[in-house]
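Peer 1: In case you want the letters, here they are:
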Amino acid sequence: DAKTTQPPSMDCAEGRAANLPCNHSTISGNEYVYWYRQIHSQGPQYIIHGLKNNETNEMASLIITEDRKSSTLILPHATLRDTAVYYCIVRDGGDTNAGKSTFGDGTTLTVKP
Amino acid sequence: NAGVTQTPKFQVLKTGQSMTLQCAQDMNHNSMYWYRQDPGMGLRLIYYSASEGTTDKGEVPNGYNVSRLNKREFSLRLESAAPSQTSVYFCASVTGRSYEQYFGPGTRLTVT
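In order, the protein sequences belong to chains S and A. Each residue of the first sequence is one higher than the one before, starting from 1 at the first, in our numbering. Each residue of the second sequence is one higher than the one before, starting from 1 at the first, in our numbering.
Some hints could be false.
Keeping only pairs whose Cα atoms sit at most 30 Å apart, straight-line, the calculated DSS-like set for lysine-lysine is [what the hints assert, rightly or not]:
(1) A:Lys57 / S:Lys3
(2) A:Lys57 / S:Lys69
(3) A:Lys14 / A:Lys57
(4) A:Lys71 / A:Lys57
Treat the hints as calculated values from the structure; they're not laboratory data.
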């Protein structure tokens, strides 16, 4: 699976949009981009995923560049409860690669009042 | 619908002791995974099971064994615990279509 690169930390003002970048320059054509977050020491929480089209759900938006080498997770109106570590991972969606997803160190997002 | 449950929540072992971490899911998923997370670091895959009756090694399998008892349950066993296995252990259950992972609350293990 492709490796990802994320900034170690970011700050965001409460109520503003948080834009979290992720580089995955070696991504292959059948690999998806997934985002998770981990609040304090809880288990990670799934946020969103995509292949090549931009995606939106009730939690966030995912913007994937046309060459698929990078993506941005957008939290449109960050709240203090969004303070967490955000992980970007890429993996093949096939059954034979079940489990082969690597979580790096992620980005620690701090939302400030 | 409890999602993914893990027991115990906390455990302290002495070096050389054995124990089994339990994980169960009620979402009817085929795939289940075990990860460990060391302080200040990301998750590393220990073992995974793509379906009932099958298991495969992940990134850091040494010192662990697993058992996929049935579709709901996936257990992780430490036969002879070592201080290097002090970590937080997370179990995840995975959807079949889009491979979203749903995590349990974790087991915090300390080996002295």
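Peer 1: Would you check the hint for Lys57 of chain A and Lys69 of chain S, treating anything up to 30 Å between C-alpha atoms as holding?
Peer 2: 28 Å, holds
Peer 1: Between the alpha carbons of Lys71 of chain A and Lys57 of chain A, is the straight-line distance 30 Å or under?
Peer 2: 18 Å, holds
Peer 1: Would the hint linking Lys57 of chain A and Lys3 of chain S be met if the CA-CA limit is 30 Å?
Peer 2: 19 Å, holds
Peer 1: Take a quick look at whether Lys14 of chain A and Lys57 of chain A sit within 30 Å of each other, Cα to Cα.
Peer 2: 25 Å, holds
The earlier numbered hints are all upheld by this structure, with none contradicted.
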